[in-house]
Structure formats: C-alpha cells, structure tokens
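Numbering (numbering that gives the first Met the number 0), first residue to last: 0 to 513.
The reader is advised that the hints may include incorrect statements.
Below are the DSSO-like pairs computed for lysine-lysine, each with C-alpha atoms no more than 27 Å apart in a straight line [said to hold, decoys possible]: (1) 74 with 147; (2) 148 with 44; (3) 148 with 74; (4) 147 with 44.
Between beta-carbon pairs, the in silico distance windows are [what the hints assert, rightly or not]: (5) 241 with 284: 17 to 23 Å; (6) 184 with 391: 38 to 44 Å; (7) 365 with 392: 20 to 26 Å.
For the record, the hints were derived by calculation from the structure and aren't laboratory data.
Glycine is no exception: its CB is placed at the ideal position from the N, C-alpha and C atoms.
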Amino acid sequence: MHALRPLLRKSLFNLLAVGLACAALLAPRAASAEALLLIEADSGKVLQADNATIPWYPASVTKIMTAYVTLNAVKDGRLTLDTLLTVSPTAASQSPSKMGFRPGTQLTVDNALKMMMVKSANDMAVVLAEGVGGSIDGFSAMMNDTAKKLGMTQTSYVNPNGLPADGQITSARDLGILARAFLRDLPEYEYFVHIPAIRFGKRVTGNFNKLIGRYPGADGFKTGFICASGYNLVASATRNGRRLIAVVLGASSGTARAVKAAQLLERGFAQDNLTWLRPSLGTVDNLVPVDASPPNLRDEMCGPHRKRPASDDDDALIAANGGTTGSASATGGEAQVTFFTAGLQPPLMMKASELMASAPAAAEPVLVYTGPTRTGTALIAAVAADADQQAASKPRGKKSRVARKPDADKPKDGNKDAGKDTKTAAVKPDAKSDTKPGAKPGAKSETRSGAKGDTKGDTKTAAKPAGTKHTTTRHDAAAKPAEKPAASGDQAAKPAKPKAATKPAAAAKPANNS
0 MHALRPLLRK SLFNLLAVGL ACAALLAPRA ASAEALLLIE ADSGKVLQAD
50 NATIPWYPAS VTKIMTAYVT LNAVKDGRLT LDTLLTVSPT AASQSPSKMG
100 FRPGTQLTVD NALKMMMVKS ANDMAVVLAE GVGGSIDGFS AMMNDTAKKL
150 GMTQTSYVNP NGLPADGQIT SARDLGILAR AFLRDLPEYE YFVHIPAIRF
200 GKRVTGNFNK LIGRYPGADG FKTGFICASG YNLVASATRN GRRLIAVVLG
250 ASSGTARAVK AAQLLERGFA QDNLTWLRPS LGTVDNLVPV DASPPNLRDE
300 MCGPHRKRPA SDDDDALIAA NGGTTGSASA TGGEAQVTFF TAGLQPPLMM
350 KASELMASAP AAAEPVLVYT GPTRTGTALI AAVAADADQQ AASKPRGKKS
400 RVARKPDADK PKDGNKDAGK DTKTAAVKPD AKSDTKPGAK PGAKSETRSG
450 AKGDTKGDTK TAAKPAGTKH TTTRHDAAAK PAEKPAASGD QAAKPAKPKA
500 ATKPAAAAKP ANNS
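Please build the complete structure, drawing on both the sequences and the hints.
Listed below in structure tokens is the structure:
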C-alpha cells in the first residue's frame with residue numbers, strides 16, 4: 000500500500016494538470032484579443048471558440064439581420080422582391096459606404112438587397128428598413144424581436160446598417176446563431192450572401208468578403224468595419240456536403256480577417272475525421288455569455304499610426320479588377336493555409352497573403368439598376384440610363400480641368416525647358432489676379448478665369464476664334480519677359496507663337512485638343 004501512494008499522488012497531479020489545461024482552453028480569453036468562432040452549420044456544434052461570448056460591436060455584419068428580416072417579410076408575402084422602394088433624405092444622408100442615390104430615386108427590394116450585401120451600402124440598408132418597418136426605429140424593433148426569438152441573448156440593434164452606436168452590440172456566438180438561422184430558414188434566398196460582384200452602370204464592385212471566389216467552397220456571408228470594432232467577418236464554406244461557419248471579430252485589416260476565417264474553416268474541414276479526439280465544446284446556443292462591455296478598438300484601428308484611413312471596403316476595387324493586394328505584415332508574415340483537394344492527394348501549401356492577393360475566380364457581375372424590375376431590352380436600357388446618370392453626376396472638378404487645358408496647360412507645355420521661368424510668368428500673376436476680382440482679361444487673369452469660372456471661360460472661348468485666343472495667350476506671355484529680361488527661356492519660346500497664329504492649321508490644333 001505504501002508503495003502505491005507515490006503512484007496515486009502522481010496520477011492525481013497529472014489529472015489536476017489536465018483539468019487546469021482544459022479549463023484554460025475553454026475559458027474566454029482577455030477582451031483585448033480577437034473573437035473567433037467555428038461551428039457546423041447543420042448541427043451548431045462548436046469546433047473552436049475564442050472570446051466567442053464577449054460582447055462586440057457588429058459594424059456592417061448587422062446587415063445579415065437586415066437581410067434576414069427583409070427576406071422573411073418577402074417570404075411571408077408582406078412585400079415582394081419586385082416591390083419598389085424610395086430613397087428618402089434620411090437614407091441619402093447615411094455615411095459611406097453607400098450607393099449615393101438622390102432622394103426620390105426608386106429601386107426594387109431585390110436590387111437594394113444586392114447592393115447592400117455586396118457593396119455594404121449603408122443607404123440601401125435604410126431604404127430596406129423604411130420599406131419594411133416604416134422607419135429606422137420601427138425596423139430596429141423588428142430586428143430586436145427577431146434576435147430574441149433566435150436566442151441571440153447578447154445582441155441589440157438601434158440601426159439597420161451597423162454605423163457607430165452605443166446600443167449596437169452582438170457577439171461571435173450570436174452571429175453564429177444568426178448565420179445558421181439564415182441558412183436554415185431562407186434557403187431559397189441564400190444567393191444574396193455569396194454574390195461575387197455587382198455592376199451598376201459602368202462601375203463594378205467586388206464582394207468585400209475576400210473569400211468569395213478565392214477560398215474553395217466559400218459561399219457566404221458578410222463583412223463589417225467601424226473603428227471601435229475592428230475588421231469583422233462572418234464566412235461560410237461547404238465541402239463534400241459539410242458546411243462550416245466561421246466568425247472573426249476585431250481583425251487588424253480586411254485581408255487579415257479573410258485569412259483568419261480561411262484558417263478556421265480549413266482547420267475545421269481537416270478535423271472532419273478526428274473530432275472524437277477533441278473535447279466536446281457543445282453547441283453554439285449553449286455557449287455561456289460573458290457579462291462585460293464591448294472592447295473599443297478605435298485607437299488601434301484608426302489611430303495616427305495608420306498609413307491610410309481604414310474602411311470596410313479595403314482593396315474592394317482592386318479585388319474586383321483582379322489586382323494584387325495585401326501584405327505579409329497584414330496577415331501575420333509567414334502564416335499559411337492548407338488546401339486539400341479531392342481524394343488522398345497531398346495538400347497544397349500557400350501563404351495566406353498570396354491567397355487573398357490573388358484574383359478571384361472569373362464570374363460575371365450581377366447587374367443592378369434603379370427603377371422597376373426589367374428584363375431583355377428594357378433591362379439593357381435601364382443599365383445604359385444609369386451609366387449616363389453616372390457620367391452626368393461626375394464631380395465638376397473634372398470639367399474644370401478640361402476647361403483649364405487651353406489656358407493653363409498650354410503655356411506650361413511651351414515652357415518645358417524653363418521650369419523656373421514658368422513659375423515666374425504664370426504662378427505669380429495668378430496669385431495677383433485672385434486679389435483683384437474686377438481685373439481685366441490679360442496676362443494676369445486669363446489663366447485664372449479658366450480655373451475659377453468655367454462659364455465665363457467658355458463664353459470667351461465661344462466669342463473669339465481659336466486662333467485669336469491662341470494669339471492673345473501667347474502675346475500676354477510674351478509681354479511679361481519684356482518687363483523682366485531675366486526670363487530668357489520665355490523670350491526664346493514666345494516669338495514662334497505669334498507665327499503659329501497666322502497659320503490656320505496651327506491655330507486649329509489647340510481648339511481640337513481642348
């Protein structure tokens with residue numbers, strides 16, 4: 000008996016150590032870390048959970064609930080995907096990312112949903128909320144009622160798009176529950192969560208979820224970002240009939256959240272036949288919520304150390320155009336993801352940063368447009384009309400640059416070999432002309448009139464032949480060196496200019512170029 004005591008003590012010590020290790024694994028980590036969750040879509044079985052029940056700001060993953068409530072209303076017959084909704088002043092005033100439609104613009108529920116889920120358009124979320132719930136407050140109440148019914152005990156909503164608000168809170172656990180409910184309750188509308196890109200007019204926007212078209216089997220869901228939350232992502236993927244849902248909250252960049260989600264999903268698929276070796280973590284519904292305040296990551300995400308302003312659409316346009324994005328530092332340096340192909344073939348190893356930087360699989364963008372539902376030639380006409388509207392609504396700055404070319408750009412072209420003289424003859428007179436609004440047209444004001452007032456500049460151009468204007472410009476420029484003999488470069492260039500004015504062919508060129 001005495002001989003057995005050391006063995007018993009050692010066994011008890013080992014059991015205690017194992018118990019403490021398991022407790023450390025299962026207990027939530029500090030709120031300063033990211034929140035991660037991996038579950039099976041069908042069963043809700045938890046495969047990995049790190050900080051999954053710590054409250055978090057949802058940002059634009061809120062729009063999963065907005066889509067869920069809207070599509071349930073469609074399924075119940077309260078409206079249809081073809082129902083026309085109107086952009087209100089409240090919707091138009093939302094912060095970017097947004098479509099930017101003017102108040103009074105109409106579009107269908109179908110198109111508003113596609114714009115919201117792919118471009119993460121905040122104005123479209125409000126259009127849907129007002130169309131379904133009558134107002135933002137009315138729709139938020141519907142969202143909260145739905146969250147309660149689904150068992151999302153850590154979630155509350157005050158708006159449909161996730162823009163910063165103290166009362167807008169969720170957790171990785173609750174987002175996992177919501178994603179499962181979407182797939183279970185709305186299978187006929189599932190395509191809304193994995194559209195690769197949309198085309199509005201001439202503009203193509205790729206899905207902000209970088210897994211779509213890159214990670215094998217990726218088929219959902221939604222991204223989100225505000226400074227307080229960091230970069231969030233709810234993602235799903237299916238292989239061999241098995242679907243997994245990954246939630247990443249608080250990542251450092253748009254690329255990093257995609258990489259972490261891909262790593263979670265890959266780990267889950269690789270464990271398919273080894274789950275019996277891991278301790279059971281139960282189901283997502285049974286994860287115990289943590290009573291705490293959401294971490295605020297504003298300083299970390301949007302502090303002065305960032306080289307550029309952070310936003311949810313990180314690299315979205317580059318991704319849509321098939322460019323390269325991301326960096327090793329943004330994705331953890333040498334982090335790698337393993338991709339298994341069918342059968343017993345060996346895994347393909349590649350850096351996660353390379354995966355996210357690669358161009359997405361080729362896919363035709365889904366057409367979206369304003370106005371009622373259209374097909375055939377009517378659809379083509381609607382898309383063309385939206386493209387024309389885009390061209391007409393371009394910033395006036397571009398028109399100003401075109402108007403400046405005959406006046407401001409031409410003298411610079413003529414003085415390429417006299418950089419300092421250009422500054423003396425062109426920049427300083429412009430500065431003087433700003434202080435004298437009533438100055439007569441001449442050397443000191445002609446260039447500025449083209450930059451300051453497009454209408455006046457255009458009127459002068461129409462009133463005088465191209466050759467006359469060309470001669471006047473060169474004459475004014477030539478007069479300046481007479482006052483300042485030091486500008487020898489200008490004097491060498493100017494005599495040739497009046498000659499050009501006497502030749503009709505030479506005078507026509509500046510007019511055509513403008």
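Structure-based check of each hint:
A distance of roughly 20 Å separates the Cα atoms of residue 74 and residue 147; the hinted pair therefore holds under the 27 Å criterion. Taken as a hint, the residue 148 and residue 44 pair is honoured in the structure, with Cα atoms around 20 Å apart against an allowance of 27 Å. About 17 Å separates the Cα atoms of residue 148 and residue 74, which keeps this hinted pair within 27 Å; it holds. For the given pair, residue 147 sits about 21 Å from residue 44 by alpha-carbon distance, which is consistent with the 27 Å threshold.
Checked against the hint of 17 to 23 Å, the pair residue 241 and residue 284 passes, with Cβ atoms roughly 20 Å apart. Distance hint for residue 184 and residue 391: a CB-CB separation of about 42 Å, consistent with the stated range 38 to 44 Å. One distance hint, 20 to 26 Å for the beta-carbon pair residue 365 and residue 392, holds here, with the actual separation near 22 Å.
Violation of the numbered hints given earlier is absent; every hint is satisfied by the structure.
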